[in-house]
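Colleague: Starting from the given sequences, assemble the full structure and let the hints guide the process.
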Amino acid sequence: MSNKRFTFDRTSQMSDMLTTHPMLVMLLPRFGLSLGFGDKSVGEVCDMAGVDADFFVLTCGIYATGGMVPDKARVLSTSLRQLVTYLQRSHDFYVNSCLPHIAGHMQHIAERLPERAGQALLQFFDVYRSEMKEHFTREERTIFPYITALQDGKTANTVDIDAFLANHERIETKFEDLLQIIFKYLPHEVANEEDTLNVVYDILQVSGDLRCHAIVEERVMVPYVLWLESQQQ
Amino acid sequence: MSKRVVIVESSELIAAGMSDVLSDSAHFKLVSTVSDIDALERRAPLDRPEMVIVGNPEAVNVQALRSIVSSDVVLVALVYRYVSSAQLRRFDAVIDVADSRGAIIETLIGASPAVDDNVDDNAGFELSRREIDVLVQVAKGSTNKEIAEALNLSVHTVISHRKNIMHKTGIKSVAGLTLYAVMNNLI
Chain A
1 MSNKRFTFDR
11 TSQMSDMLTT
21 HPMLVMLLPR
31 FGLSLGFGDK
41 SVGEVCDMAG
51 VDADFFVLTC
61 GIYATGGMVP
71 DKARVLSTSL
81 RQLVTYLQRS
91 HDFYVNSCLP
101 HIAGHMQHIA
111 ERLPERAGQA
121 LLQFFDVYRS
131 EMKEHFTREE
141 RTIFPYITAL
151 QDGKTANTVD
161 IDAFLANHER
171 IETKFEDLLQ
181 IIFKYLPHEV
191 ANEEDTLNVV
201 YDILQVSGDL
211 RCHAIVEERV
221 MVPYVLWLES
231 QQQ
Chain B
1001 MSKRVVIVES
1011 SELIAAGMSD
1021 VLSDSAHFKL
1031 VSTVSDIDAL
1041 ERRAPLDRPE
1051 MVIVGNPEAV
1061 NVQALRSIVS
1071 SDVVLVALVY
1081 RYVSSAQLRR
1091 FDAVIDVADS
1101 RGAIIETLIG
1111 ASPAVDDNVD
1121 DNAGFELSRR
1131 EIDVLVQVAK
1141 GSTNKEIAEA
1151 LNLSVHTVIS
1161 HRKNIMHKTG
1171 IKSVAGLTLY
1181 AVMNNLI
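Taken in sequence, the protein lines are chains A and B. Using my numbering, the letters of the first sequence correspond one by one to residues 1 to 233. Using my numbering, the letters of the second sequence correspond one by one to residues 1001 to 1187.
Derived by calculation from the structure, the hints in this document are not laboratory data. Using N, Cα and C, we set each Cβ at its ideal position, and we do this for glycine too. It is possible that some hints are incorrect.
[As the list claims (entries may be wrong)] Quick list of simulated restraints, FRET-style, between CB atoms:
(1) B:Ala1150 - A:Arg5: 49 to 59 Å
(2) B:Glu1146 - A:Glu169: 16 to 26 Å
(3) B:Asp1038 - A:Ala163: 32 to 42 Å
(4) A:Asp39 - B:Pro1045: 32 to 42 Å
(5) B:Pro1045 - A:His101: 53 to 63 Å
[Unchecked claim] Not the full set, but computed from the structure, chain A residues with beta-carbon under 8 Å of chain B:
(6) Arg116
(7) Ala120
(8) Phe124
(9) Asp126
(10) Asp160
(11) Ile161
(12) Arg170
(13) Leu178
Modeller: Set out below in C-alpha cells:
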C-alpha cells in the first residue's frame, strides 16, 4: 500500500489533481466524466456533468492513497445517490476491458511455455475469470437492487449486509497469486519477453484497482446501507 | 521470545479474563486490547501483533482482517456464543470460553509456528525438501489431515509448513500453489 497523501477537495483544480495522481484518470469514465475540462475546479467539472463532487473526491482519495480507509463520519456525510451506478460501471470495466486484455497476454505467454505449464496457466486464469464474473454478478443481482430500493424508500427483500461483509472475498488475492507466479517463476526465456513485462504491469494495475474497489464496497457501501436501513426504521 | 498479542473484544469483562489467562505463559505478551477491528487497524503499525485473538468472530471479515495485519499473524477465534463452523475454519486456531486455562495456552502455543519445534530450519526463501513434499500434497487437493498421515507429521506441523510455503512463495490460494507446482515440474 502506498503512503501517498491526498490533499485535494472540490475546490482544487481538476487538472492539478490528475497530474499529481495520474491513475485517477481511470476513474473518470466510471463517473461519466471526460477529459477537456480546461482550468475548472473538481466541483465545477462534476456539477456540469451532474456528478456528486464529494463522492467523486472521496473515491479519488481511496484510489490515490492505494486503498486508505476513509473516515466513517465522512462517508456518511457524503451524498451517495450515484454509488450503484459507479460500482456497476467499475464491474463493467473489469469484465469487459481488463479481463479480456489480460487474457490476450496470457494466451501469448502460454504459447511459449511447455505445453502442460501453458495449459495450467490458462486454466488458472479461466477459473479466476469466471469466479470474478460470478462475484460481480452476485452483487449486481442482490446488493445493488437492494440499495436502489432503499434509496427509493422501499423495503422489499432485505439483504443481510453483515453476512455480505463476512463473506466478501477479496477477489484480488488470487490475482496476486498469478502475479507472484509470473513475476518470480516463469522460465527465463519467457520471463524476459516484453509481453511478460506488459502483463505484469497490467496485473499490478488491476489488482491495485480491485483492492481499492473492495475498500469502496466494504467501507463506503456497507456503512451506507446500514445507514439507509436505519433511516427506514 | 514471547509473541506479541492483541485482543479484539468489546466486552471489558471477557478481555480482562483473556488477558489474565495470557499472563500465565511466558510465550505471550499482551501488547494491547482494542474494542473493534477499526481500532486494531489504526493501532496495528504500532502494536505489530504476531497473534490476534478475536472475540465475537462471527461478525468479522477474516479476509479483510488478514489484509490489515501481516499475512503470518496467527488469527485466533475466541468463542463464547454460536459461530458457524465455516467461519471458524477461516481462523488458525479456536479457543472456547469453557476451555481450561491450560488448554487455552496449549492451543495458542500449538497455533504459533515459531513455538513449534517440529519444523525444519526456516531460513532463506527456497522451499525446503519437506515443504516441497507438503506443497505437492496440497496441489493434489489433500486436506491437512491427509497430508499429516501421508507424510507422518502432526497436523500442526503441516499447518506450519503451509504457512512457510505461503510466506516464501507469496502465493496464498490452493489454485495458485497448484499452478506453482506444475510450473516448477513438481507434479
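Colleague: For a quick check of understanding: which of the numbered hints are violated here, in increasing order?
Modeller: Checked against the structure, the hints that fail are numbers 3, 5, 9, 10, 11, while the rest are satisfied.
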